[in-house]
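Asker: Given chain V, work out where chain D should sit, using these hints.
Heads up: the sequence lines are chains V and D, in that order.
At position 45 of the first sequence (counting the first as 1) the number is 45 in the numbering used here, and the numbers step up by one without a gap.
At position 11 of the second sequence (counting the first as 1) the number is 11 in the numbering used here, and the numbers step up by one without a gap.
These are computed hints drawn from the structure, not numbers from a lab.
Worth double-checking, as some hints may not be accurate.
Claimed, not checked - Here's a subset of chain V near chain D, in silico, CB distances under 8 angstroms, partners left out: (1) Q45; (2) L48; (3) F89; (4) K101.
Said to hold, decoys possible - Computed list of lysine-lysine pairs in DSS-like fashion (alpha-carbon distance at most 30 angstroms, straight line): (5) V:K106 to D:K9; (6) V:K106 to D:K14; (7) V:K60 to D:K14.
Nothing here was measured: the structure is a model prediction, and the numbers come from that model.
For glycine and all other residues, C-beta sits at the position ideal for the given N, C-alpha and C.
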Amino acid sequence: GNSVTQMEGPVTLSEEAFLTINCTYTATGYPSLFWYVQYPGEGLQLLLKATKADDKGSNKGFEATYRKETTSFHLEKGSVQVSDSAVYFCALSDRGGSNYKLTFGKGTLLTVNP
Amino acid sequence: NAGVTQTPKFQVLKTGQSMTLQCAQDMNHEYMSWYRQDPGMGLRLIHYSVGAGITDQGEVPNGYNVSRSTTEDFPLRLLSAAPSQTSVYFCASHSGRGNTEAFFGQGTRLTVV
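Bound-form chain V, shown alone (with noise of 0.2 angstroms):
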């Protein structure tokens, strides 16, 4: 079946440091791969994503880039603001059939200090 590892956190940083969160995946198939970002107290929503091999996804400074090779796909972020702390999870997507399930990883906290 599909999963998705990802590093486990939490992770802390001063502000404008570079961040790096670590996905990695495991699929039967070819599919999309997503960062989401859980603010304190709020749902899942989507950071940025990427459909296929090599595509570079990009949102507020963020960027993963879908490497089939390796199976990854790295979240970096070149300098951090304390408004980043949050819950970031890697997630792909399984095109299979005529479904389409997400697929978790079990999160990364990461904390921003001033």
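Answerer: Structure of chain D alone, referenced to chain V:
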């Protein structure tokens, strides 16, 4: 647009009680799903639906029932609440195409005592 609306936001139940978590979406999405979020476990799929009248089990379906009588609504029923069902529950919807965004409700924090 309201997007995905979940009610209630908070609920405390006694062991053995039943209740229904409500979920409604106004985006005409075919696909809806329920997840539970537990510390260290991420999001786990409980049940999902690919259209009105069609539901199926996810990863952790035991103790929960669903039905989908309309495109808009997808309620989750707890038949006999247990402390192990203490969790945060999220409803999500999307159009059903594999590269599109899923929209989430704000969650229901359920405590079973």
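Asker: Take the hints in turn and mark each one as holding or not.
Answerer: Verification of the hints:
1. Annotation: interface hint on Q45 (chain V) holds; nearest CB of chain D at approximately 7 angstroms, less than 8 angstroms.
2. Violation of the interface hint for L48 (chain V) is found here, the shortest Cβ-Cβ separation to chain D being roughly 10 angstroms, above the 8 angstroms cut-off.
3. Among the interface hints, the one on F89 (chain V) holds; its C-beta lies about 7 angstroms from the nearest C-beta in chain D, closer than the 8 angstroms criterion.
4. Evaluation of the K101 (chain V) hint against chain D yields a held restraint, the C-beta minimum of about 7 angstroms falling below 8 angstroms.
5. Between K106 (chain V) and K9 (chain D) the CA atoms are separated by roughly 23 angstroms; this keeps the pair inside 30 angstroms, and the hint holds.
6. Only pairs whose Cα atoms come within 30 angstroms are accepted, and K106 (chain V) paired with K14 (chain D) is accepted, the gap being roughly 29 angstroms.
7. Between K60 (chain V) and K14 (chain D) the CA atoms are separated by roughly 43 angstroms; this puts the pair beyond 30 angstroms, and the hint is violated.
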